[in-house]
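Residue numbers (my numbering), protein chains in the order written: chain A, 1 to 115; chain B, 1 to 113.
Please note: incorrect hints may appear among the correct ones.
Sample of chain B residues at the chain A side, in silico, Cβ under 8 Å [as the list claims (entries may be wrong)]:
# : residue
1 : Gln42
2 : Leu44
3 : Tyr50
4 : Leu51
5 : Ala87
6 : Phe90
7 : Arg97
No more than 20 Å apart at the CA atoms, straight line, and that leaves these computed lysine to aspartate or glutamate pairs for DMTMM-like [stated by the list, open to error]:
#  : chain 1 : residue 1 : chain 2 : residue 2
8  : B       : Lys105    : A       : Asp84
9  : B       : Lys78     : B       : Glu20
10 : B       : Lys78     : B       : Glu88
11 : B       : Lys105    : A       : Asp85
By construction, these hints were calculated from the structure, which means they are not laboratory data. Here the structure is a predicted model, which is why all the values come from computation and not from measurement. We treat Cβ as the ideally placed atom computed from N, Cα and C, and that holds for glycine.
Chain by chain, the residues:
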Amino acid sequence: ETGVTQSPTHLIKTRGQQVTLRCSSQSGHNTVSWYQQALGQGPQFIFQYYREEENGRGNFPPRFSGLQFPNYSSELNVNALELDDSALYLCASSPRDRGVNTEAFFGQGTRLTVV
Amino acid sequence: AQSVTQLDSQVPVFEEAPVELRCNYSSSVSVYLFWYVQYPNQGLQLLLKYLSGSTLVESINGFEAEFNKSQTSFHLRKPSVHISDTAEYFCAVSLSRDDKIIFGKGTRLHILP
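One chain only, chain B, in its complex shape:
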């Protein structure tokens, strides 16, 4: 069965500093990978996704994630965070484009002034 492990439940980081949110997945077959963001008291928004092709995927707001098949990881990075990035971030996997999405437990990104 597929599973997702987000290694950090909370990550504090100073504003304008770089950040990495770690995600590892477990699957014996190829998967689709996602990062979702949940701002306080809101639903989920898709941040970026890896389906195939280039292993580095980028979002419009400066985040990027790299698919590493050998390490079964899909870590999320941003070179310089802003206070507006304060949110909970969920890594997720799916076996196919129509299958259910399996989410990790989330990482709360806390931006320090």
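Pulled out of the complex, with its shape left as it was, chain A reads as follows:
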């Protein structure tokens, strides 16, 4: 059984650019949630994907978008990067039938720095 893997681990982008972060969910997990953790803060919910569709969204602008693929892996895309987008982005996978957050497993995160 593999865990949740995220790539890349670190990334530096310039303001205005676009970025794609990737998440491979744990085997058997069909739901993926994305969180943003700014420095010194707790993670904040961005959105959740289930059955390849967005299933809940936090207070983030539309330039934050995502995808889920048939194998349940997911991408987080951020357009028109701003300096405040610098954060650790965490992906969590879970089996929906056993509870999205009661059985959530987090990846190591992608550290995004916008300069």
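Given the coordinates of chain A, work out where chain B should sit on it, guided by the hints.
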């Protein structure tokens, strides 16, 4: 709306001493409660969770938390900490098993030798 308040941003404690990390939540309905731990440069790991039933929940590494509905608290305790417990601890709530998780700002546990 639900919210989580972790009253201490940092807690220094000597090795082998007891520790309590405080957490209060705000919600007008029943919630699920969690404690997550984040070791340096790592992602989040679930430490323990309260869903229903016994108000005292325990983790495999000696931590425990007690759900107090009247005080809307879910404080985390350990009777004797080790240097390996150095980490950031996040209290979190959710309205249901499928809803988003709302995290507190975290408490950094600093173990003194």
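Going through the hints against the structure:
Satisfaction of the interface hint for B/Gln42 is found here, the shortest Cβ-Cβ separation to chain A being roughly 6 Å, below the 8 Å cut-off. For the restraint placing B/Leu44 at the interface with chain A, the shortest Cβ-Cβ distance is roughly 4 Å, inside the 8 Å limit, so the hint holds. Residue-level restraint check for B/Tyr50 is violated (minimum Cβ-Cβ distance to chain A is 10 Å; threshold 8 Å). Interface restraint check for B/Leu51: the shortest CB-CB distance to chain A comes to about 6 Å, inside 8 Å, so the restraint holds.
Annotation: B/Ala87 was flagged as interfacial toward chain A, and the flag is violated, the nearest CB pair being 14 Å apart, outside 8 Å. Of the supplied interface hints, the one on B/Phe90 holds, with its beta-carbon coming within about 5 Å of a beta-carbon of chain A, less than 8 Å. About 4 Å separates the beta-carbon of B/Arg97 from the nearest beta-carbon of chain A, less than 8 Å, and the hint is met. Restraint check: the Cα-Cα separation between B/Lys105 and A/Asp84 comes to about 17 Å, which is no more than 20 Å; the hinted pair holds.
Annotation: proposed proximity of B/Lys78 to B/Glu20 holds, straight-line Cα distance about 7 Å (limit 20 Å). In summary, the hint linking B/Lys78 to B/Glu88 is supported, as the alpha carbons are separated by about 15 Å, within the 20 Å threshold. For a cut-off of 20 Å, the pair hint linking B/Lys105 to A/Asp85 stands: about 18 Å separates their Cα positions.
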